[in-house]
Each structure stands twice: as structure tokens, then as C-alpha cells.
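These are the residues of each chain, in order.
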Amino acid sequence: MLDHLAYRTPEPKVIAGAKADWELVIGLEVHAQVASNAKLFSGASTTFGSEPNANVAFVDAAMPGMLPVINEFCVAQAVRTGLGLKAQINLTSAFDRKNYFYPDLPQGYQISQLYHPIVGEGEIIVDMGPGIARRVRIERIHLEQDAGKSIHDMDPNMSFVDLNRTGVALMEIVSRPDIRGPEEAAAYVGKLRQILRYLGTCDGNMQNGNLRCDVNVSICRPGAYEKFIETGDFSYLGIRCEIKNMNSMRFIQQAIDYEARRQIAIVEDGGAVVQETRLYDPDRGETRSMRSKEEAHDYRYFPCPDLLPLEIEQAWVDDIAATMPELPDAKKARFVADFGLTEYDAGVLTAEAENAAFFEAVAAGRDGKQAANWVINELFGRLNKQGLAIADSPVSAAQLGGVLDLIGAGEISGKIAKDLFEILWTEGGDPAQIVEARGMKQVTDTGAIETAVDAIIAANPAQVEKARANPKLAGWFTGQVLKATGGKANPAVVNEMVARKLGLGE
Amino acid sequence: MSLNELTISAARDALRKGDTTAVELTEACLGAIEGAGALNAFVHHTPEIALEQARGADARIKAGDAPAMCGIPVGIKDLFCTRGVASQAASRILEGFRPEYESTVTQNLWDAGAVMLGKLNMDEFAMGSSNETACYGPVVNPWKVDDRRLTPGGSSGGSAAAVAADLCLAATGTDTGGSIRQPAAFAGIVGIKPTYGRVSRWGVVAFASSLDQAGPMTKSVRDAAIMLGAMASHDPKDSTSADLPVPDFEAALTGDIRGKKIGIPREYRMEGMPAEIEALWHKGAEMLKDAGAEIVEISLPHTKYALPAYYVIAPAEASSNLARYDGVRYGHRARLGQGDGITEMYEKTRAEGFGPEVQRRIMIGTYVLSAGFYDAYYNRARKVRALIKRDFDTVFAAGIDAILTPATPSSAFGLGEMANADPVEMYLNDVFTVTVNLAGLPGVSVPVGLDARGLPLGLQLIGRPWAEGDLLNHAHVLEQAAGFVAKPARWW
Numbered sequence: 001m002l003d004h005l006a007y008r009t010p011e012p013k014v015i016a017g018a019k020a021d022w023e024l025v026i027g028l029e030v031h032a033q034v035a036s037n038a039k040l041f042s043g044a045s046t047t048f049g050s051e052p053n054a055n056v057a058f059v060d061a062a063m064p065g066m067l068p069v070i071n072e073f074c075v076a077q078a079v080r081t082g083l084g085l086k087a088q089i090n091l092t093s094a095f096d097r098k099n100y101f102y103p104d105l106p107q108g109y110q111i112s113q114l115y116h117p118i119v120g121e122g123e124i125i126v127d128m129g130p131g132i133a134r135r136v137r138i139e140r141i142h143l144e145q146d147a148g149k150s151i152h153d154m155d156p157n158m159s160f161v162d163l164n165r166t167g168v169a170l171m172e173i174v175s176r177p178d179i180r181g182p183e184e185a186a187a188y189v190g191k192l193r194q195i196l197r198y199l200g201t202c203d204g205n206m207q208n209g210n211l212r213c214d215v216n217v218s219i220c221r222p223g224a225y226e227k228f229i230e231t232g233d234f235s236y237l238g239i240r241c242e243i244k245n246m247n248s249m250r251f252i253q254q255a256i257d258y259e260a261r262r263q264i265a266i267v268e269d270g271g272a273v274v275q276e277t278r279l280y281d282p283d284r285g286e287t288r289s290m291r292s293k294e295e296a297h298d299y300r301y302f303p304c305p306d307l308l309p310l311e312i313e314q315a316w317v318d319d320i321a322a323t324m325p326e327l328p329d330a331k332k333a334r335f336v337a338d339f340g341l342t343e344y345d346a347g348v349l350t351a352e353a354e355n356a357a358f359f360e361a362v363a364a365g366r367d368g369k370q371a372a373n374w375v376i377n378e379l380f381g382r383l384n385k386q387g388l389a390i391a392d393s394p395v396s397a398a399q400l401g402g403v404l405d406l407i408g409a410g411e412i413s414g415k416i417a418k419d420l421f422e423i424l425w426t427e428g429g430d431p432a433q434i435v436e437a438r439g440m441k442q443v444t445d446t447g448a449i450e451t452a453v454d455a456i457i458a459a460n461p462a463q464v465e466k467a468r469a470n471p472k473l474a475g476w477f478t479g480q481v482l483k484a485t486g487g488k489a490n491p492a493v494v495n496e497m498v499a500r501k502l503g504l505g506e
Numbered sequence: 001m002s003l004n005e006l007t008i009s010a011a012r013d014a015l016r017k018g019d020t021t022a023v024e025l026t027e028a029c030l031g032a033i034e035g036a037g038a039l040n041a042f043v044h045h046t047p048e049i050a051l052e053q054a055r056g057a058d059a060r061i062k063a064g065d066a067p068a069m070c071g072i073p074v075g076i077k078d079l080f081c082t083r084g085v086a087s088q089a090a091s092r093i094l095e096g097f098r099p100e101y102e103s104t105v106t107q108n109l110w111d112a113g114a115v116m117l118g119k120l121n122m123d124e125f126a127m128g129s130s131n132e133t134a135c136y137g138p139v140v141n142p143w144k145v146d147d148r149r150l151t152p153g154g155s156s157g158g159s160a161a162a163v164a165a166d167l168c169l170a171a172t173g174t175d176t177g178g179s180i181r182q183p184a185a186f187a188g189i190v191g192i193k194p195t196y197g198r199v200s201r202w203g204v205v206a207f208a209s210s211l212d213q214a215g216p217m218t219k220s221v222r223d224a225a226i227m228l229g230a231m232a233s234h235d236p237k238d239s240t241s242a243d244l245p246v247p248d249f250e251a252a253l254t255g256d257i258r259g260k261k262i263g264i265p266r267e268y269r270m271e272g273m274p275a276e277i278e279a280l281w282h283k284g285a286e287m288l289k290d291a292g293a294e295i296v297e298i299s300l301p302h303t304k305y306a307l308p309a310y311y312v313i314a315p316a317e318a319s320s321n322l323a324r325y326d327g328v329r330y331g332h333r334a335r336l337g338q339g340d341g342i343t344e345m346y347e348k349t350r351a352e353g354f355g356p357e358v359q360r361r362i363m364i365g366t367y368v369l370s371a372g373f374y375d376a377y378y379n380r381a382r383k384v385r386a387l388i389k390r391d392f393d394t395v396f397a398a399g400i401d402a403i404l405t406p407a408t409p410s411s412a413f414g415l416g417e418m419a420n421a422d423p424v425e426m427y428l429n430d431v432f433t434v435t436v437n438l439a440g441l442p443g444v445s446v447p448v449g450l451d452a453r454g455l456p457l458g459l460q461l462i463g464r465p466w467a468e469g470d471l472l473n474h475a476h477v478l479e480q481a482a483g484f485v486a487k488p489a490r491w492w
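Protein sequence lines, in the order shown, are assigned to chains A and B.
For the record, in the first sequence the residue sitting at position 61 is 61 according to the working numbering, with numbers rising by one throughout.
For the record, in the second sequence the residue sitting at position 155 is 155 according to the working numbering, with numbers rising by one throughout.
In isolation and in its complexed conformation, chain A is listed as follows (with noise of 0.2 Å):
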């Protein structure tokens, strides 16, 4: 089984300056919540939303003497995420003290992995439309402790600290400078929430901030980035800039536009960006300086003391691949070699695990395409239309499959089938059973159908006329009798039939 379909590469967006062309590049840092129900260091609470400094254990508070104990879960979890993006699992890894002061962060220091990563060299395929797609290289994952909340509005004198945040696992996931516009940019960070969330290992919430990334954007000239991969010098690329703590797909995509546009306009004009934080206002639609260079923190990493290097088994690595469940990219091409499905349609059926299970459910021993137009049309239309979610759905997979097998059996039409979808959305019940009890059922019964016709046919000699001149004109008498009979008359047979009587032939 391929695990991702056939693609080629797109073009790099290019932006036309009052001089010349330019060319982004784009890296991304992006920190990902661990889906875990503690803390990293710590027993205390994950909960989102509980009252503020709840969830606190005396480590998370950096009361004097408490240690660190790694959670083994979130390691497990670090690993799950880099099989997942094919990377290299690192058995041994080392957590890193970064040191600055914030009253946000209790302990004075973060705890992180800057030398030695848990997770090393991997990918993501980026889905850019049917049969084009970014391979984004990833240069390495680590865990570390995210920081509390510093409260400025609830006092016009006072700050408040809410620790409930502190000490919470993230992913850092670092990706090489492999991104090349905008889209490109936001389509890498939903392809890898879709992964992270195919894997459990991030619930990809981006509101609540449990997703969430620094760009990085350079600018340069057509044909310079391919010298930079050529030889790995970073000096043919621009000075990048780094826009902090992005939430926001749309954001991201403004954000990256208007700062490769303002370094495009300082270049052009003769200067020189300076490498510096930014942060995006997206009120204003532009970037701003966050703190220069003469402000940069000197993070003064060191090897934590209080925790011993991290030695994890191969074994233990291997079990957790052993539970991996099929991602993205495999799934899709299932899909489209299975099901005989578009790469589109495959790749809407599959954007979530929970909707591709319902897929296969409605699909299992039916029409695949047919299934999939189903719940793509039928379905997502109105669960989207009402804003639901598919475990929300009030149509079951069964219920869908049923509906199908109807059609399939010739008891309904496709109309009737739509009528019927909307009583099981509306009402539930067992399609079959809806079908019988409500005389839906199509009527195959010649018999009735040959009465419907002579009566239609009696009645209007003039039209009958007409349509023996002009054989187009037959469908005017299969309307009517669908019409008299309410629907359930099967188109083909009333056709066929109505051609018969008026001697039309064959």
C-alpha cells in the first residue's frame, strides 16, 4: 500500500517589488500542547478553564526544594508525534534550563531541550491541491514546559499570575526553511493538526492556544533559495525576522504576506532588515518590533541538574509504533485506490480520523463513490449548516448505509432517498422500516405504472399528438405520471413504458 499519493512540487509564490521579484522563505516553530491529562514535570491538572491557579502543584509553583519527575506519558506521546512525522526517535535526549526572569514563569527558567532533542529529522507532506504537494523537511521536536498567564487588566496597579498553564508539555516542532508563501505556510500547520490530531498526541485546539507558532520569514531574489539547498548557506537567503506566537491560519497567512512585503519595500528602498521578534496586530494588519537586538535575552542555557538524561528503549519505542493508527497521507491514497475516490474527495473524507471511520462504515460493502458523494454532500452539507460535529451526527453510519442500500435495491429513487435522509436527520429511526411504513417504496409494479400511463395518455390527445411528431417531447407524459404516482414510480420504467405506448420505438 502506497502511504502517500504521487505529487509534484508547486511553484514558490513570488511577490512583483517596485524593482524586482521576490521569493519567500518561510520556516515555522510551532508549539503544540501535549494531549496529556498532567503536567510535564508535575501530577497537577491540564484542564483548560478551571479557576485560575487551580491546577498547581508545589514544583509548578517553584516553591523552594520541589524536583522535577518527568511524566512518562508525555514522553511516550513526543515519540507517537515524531513516528508520526517519520522522524528519527532519539533514545537518548537531555532537558536544558533557559533562564529569564517573568513572573509568569516561577522557577526563573524554563525547562526545555536545546542540545538534545528527544526527536530528530522528519517530514510532512503538505497537501497544496490534487496532485501537488510540499515535502517540509522537520529538523527536530522537543519537549518542554509551557509558562502560566500574566493578568494586566483586572487592577489598575497589579498584575496577576495564573499558573494553571505552567509547567503544561509542549512539542516544540521545528520545521527546516522548506516553506515558500503564505498558503504554503498555513496549509503546514493544518497538515500537521491534522496529523498531531490523527495521533492523539495534540488535541490541535488553536483557540485555547494549545496550538500555536513563530514564523520565520526571509526574502530573496528567483533562484537564490535553490543555491541555499544546494549548498546549505544560509547567507544566500535574506535576514529573517520572526513573527511570535501566531493562533490563527488566517492570521499567519496575513502576517507572513505583510512582512515579506515590508522587508521586499526596505530592500528594495536600500536597506537592511534587521533580524529581530516581531509580533502581528491584526487589528492594524501589520507586524511590529517586539524587542531589538540590544534587548535579546541571553537565555544562559545549561544542562538541567536535577534531572538525569533521558535513556528511552528501542523496544519501548517499537511498542508504541506497534499501536500507530493509519495517518493522513496513507488513508487518502487508501481511499482513492479502494474507493476509486478523487484525491479531492479523498482528501475531505479523510481531513479528520473521525469522519474517514464514518466513511468507511457507510462505504463498507457498498459503492464507494457513491457513499463518499453521500456524506460528503448529504451529510457534511448539513452537519456543517448547522455547525456539528460528526460524533454529533444524528444520522449513524448505519443509518446512511441503509439509506444507500436502499437505492440499491431500486425501493427508492434518489429523490425520494433525500426525503428520506431528511425524516432520519429530523426523526431517526430504521430507514427500511420508515420506507415500508410510509409507502416511499418506488413503484416497479408495471401494472400500476401501465395505469398511470393509458390515464395520462387518454386524457391529453392533443400532447400525445404532439409528442408522436416530436419524440422530445415523451418526457412531458413520464412527468406527469411520476407526478400522479407521487414520486415513487421508477423513472426507467415509466420511460421506457410511455415510448412503448406512444409507438416511439424501441
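It should be emphasised that the hints constitute simulated quantities derived from the structure, not laboratory data.
Any given hint might turn out to be false.
[Claimed, not checked] Here are a few chain B residues that face chain A, going by a calculated C-beta distance under 8 Å:
| no. | residue |
| --- | --- |
| 1 | V205 |
| 2 | D238 |
| 3 | R324 |
| 4 | A371 |
Note that the structure is predicted; figures quoted are calculated from it, not measured.
From the three backbone atoms N, C-alpha and C, an ideal C-beta is built for every residue, glycine too.
Given the coordinates of chain A, assemble chain B onto it according to the supplied hints.
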């Protein structure tokens, strides 16, 4: 002999025989503490807790459940967090801090039936060798020459003074570069720093995490064996705690060291070493030889780099460990002026809260970790540390069982004597002890004699990792041979 003068082992026997009670022992110590204000050893008194624990211990003894330390009154260094009791590492910055948790070591002691008399003075955050950096003021050594007030050493100076002055039967100490062994030597008592990882660091205020280790300070080697057994445990809450069984250290005190090889490291024969120290060292070696051990001259070639490496690594870790004292959540917070923001709050709080020595080490540590200097200082110091460890591995692999060195370069010096000296002069106190912390080895200081002025002098024995029992057996032999029984004359 008053009850407070007993050793742990003698008190244990008396308690078991019913000759005395834990309450009587405790009351004797509380009385001694009350009369010893001049020593400034106990800085937080917990008589209610002590008597309640003593009554509980007596009940246990009566019921036939008397673990090793049952009913033994001890003092606790202020560095240990004790639930509901002030625990402030002798620093103003932890003013008013009463933890809601109990350190693993003290919990182990209470579980073994020990009785807490109170908290003991120390150098601020365990940074010092004379107990003069404490926010409580200095501890005075019960040993005296003429009218001069002497230091008990540091940082566990309160513990050393309290044990030497019989204010308690024993005390906890901590040792990052010699903070148990140097004051033990200055006060004529026994102190052991166990192998790194033998004793949990959970709940002990951190100075330099990769070097810190708690240990007992006692009146005899046997007591050190008993108390270490009670303090030690594998603690899942401390990732650097070793998952090893705690052996019966007392059972290891056979007194038989025949055929053992004792290393005498030539690099410890420092230039300008006082003749008295040299003579004591030689005398110690003779004693071990007379007991049937073989004396072997050995080389630990990287010794001279140990002190500089230590004074890079320890401040580096300390600068990070002490970042949490920021006035935000607990302890001291400076009064802020109009318009002061978070930066001013940090600066004023830490300037007021930390004494000069702590500030000096935070600055050194910050400097050696900073961009551009990290490799030159911190990384190089780590490499030196690895070489020092290798020196020890090599001699142990060659069959050396224990290494004998002086514990300190001198006997106790006068309080205030080093006030105007270069700080490095003070750091030289640790010259014989820091190697042991850098290598993570167990080391014990044993009182062996008095100098010409009548002040105690100690020798240090260094053992193989995890072989504290064997090490204490060597110390026991040395102790028996030396027959050190001198006590400070009471003046306080």
C-alpha cells in the same frame, strides 16, 4: 553525664532498656538549647513539636516498635523544608516562609521516630565556609581560644556547633563543597557526605543541584551510620535519587580493615600546608596501618583544577536555582515606589533579600553561563569535573579502598578574621573537600586530634561510590585509634 550529652547509640540503648524516656532526653536538649543563645546555633525553636514527637516515640518504644532513631532529639539545618515550620535557608529573601510540605530526609527521620528540636543556623543558601553569611548573624564555635570567638565553619555551622555543644544528639547537614565535613572538623565531630543520589534532595532548598547532598553530623561514627541509614532512601520524587537498597551501615562497623588499601594522594600535600596538619595526616595514616591496612601513595593528577571548576559549576547552578526568589509568590518582597514596575520589583527584592556572598555567586554564575563565556567557563569546568572523577575511578580500579586526606587546611579561625580578605581566601577552605562533591563520592570527616592551641582537627576519608558502610568502617577504626574525647569547655 547529662542526657543531652549522650550519643545516639547510647541513648538508643538507654531508651530500649527503659533507663530514660524520649521526653526526658528532649527536655534535657531543650534546656541546653535555652542556655546556649550565645552560640546562635538554633534559630527557630520547636519545643511543642519536639515534646509531642517525644511522647509519640515513647509510646512506640513501649509498644516494642522502636526504629533506629526512635526518641532521638535532633536539630535540622534551616535548608530543609519542614512543614509549618520556618524554613528560610538563613536568607532574608525567605522571610516568613513556612512550607506546606516536609522534605523527604526529615520525613524519613520522623518516620524513624526522631524528634525535631528546631532549625539550625547556616550560611545563607549554604554559601559560605564560616557561617558568617547567615541573615541570623554568625554561629559561634563552642570551641574557644583565649577570648576569641571562632567560626564553627560552614555552611552547616549551626549543626556543628549544636552537636559539639551537646544541644542535640545529632543534626542534619548538607554538603555542596564541604559544608558538612569542614564544620565537623572545626567542631570536633563526625560528618559524612554520602554518595550523590544516596539521600533525596526533595524538599531541601537547592544550592547547586548536581553537588548538593544531605548527611548526618554526629558525635561518633556509629551515630553517623545509624542516622545516615534513617535519612537515606530511594525517592521517586528526586530524579537523581538512586534506586538502590539502603544497607545496614552500622552492621558494617566491624573494626576490621586488615588488608585494605588506603590511598594517600600526593596532590593534597599543598604548598604552605601547616606542619600540624601534615603531622596529623601522617599520624592518621599510621593508625590505619597499625590496624592492618596497607598505605599506598596515589596520584589524583587533576586535583589542582578542582577548586576553580567547583567555583564555576556551583555558582552557575546557583544562579539558576535562586532565580525563583523573585518576590512574586512567597518570601520577601521589596516595598515599591511610585511607578516601579516588575523589573524594579525584581531588582529591589533581590538586592534586599540576598546577602553579599549570595549576590556575588549569582553574578559569577550568571557570568559563566552567559553567551560567549559558556564554553570557556562552564563547559571547561564540566570537562575538568569529568577528569577529576576519572582520577578517582582510576585509583579505585587499582584496588584502593579508601583515601585519607586532611579535612581542612587549618583549625577553626576567628569570626570576622576573613572579613577583609579576598573571597578566594575563604574558598580555599574547601580545597580538600570539593573534589569529593565533583566526583559524587562519599566522604567523611573524623576528629583525630587537637592543634597546639587546643582546637580540634579532622581527617577526611573518601570512599568508593555507594560504599558508605565500608567507608564508615574505616572512619570507625580511625576514630577508635585516635580516641578523640575532648569536649569544648562550656563558656556560653
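Taking the hints in turn, this is what the structure says about them:
The criterion of a C-beta within 8 Å of any C-beta in chain A is met by V205(B), whose closest approach is roughly 5 Å, and the hint holds. Hint status for D238(B) relative to chain A: holds, with the closest Cβ pair at about 5 Å, below 8 Å. Interface restraint check: R324(B) against chain A, minimum CB-CB distance 4 Å, threshold 8 Å, status holds. Taken as an interface hint, A371(B) checks out: its beta carbon lies about 5 Å from the nearest beta carbon of chain A, inside 8 Å.
Going down the numbered hints, you'll see the structure goes against none, and every one checks out.
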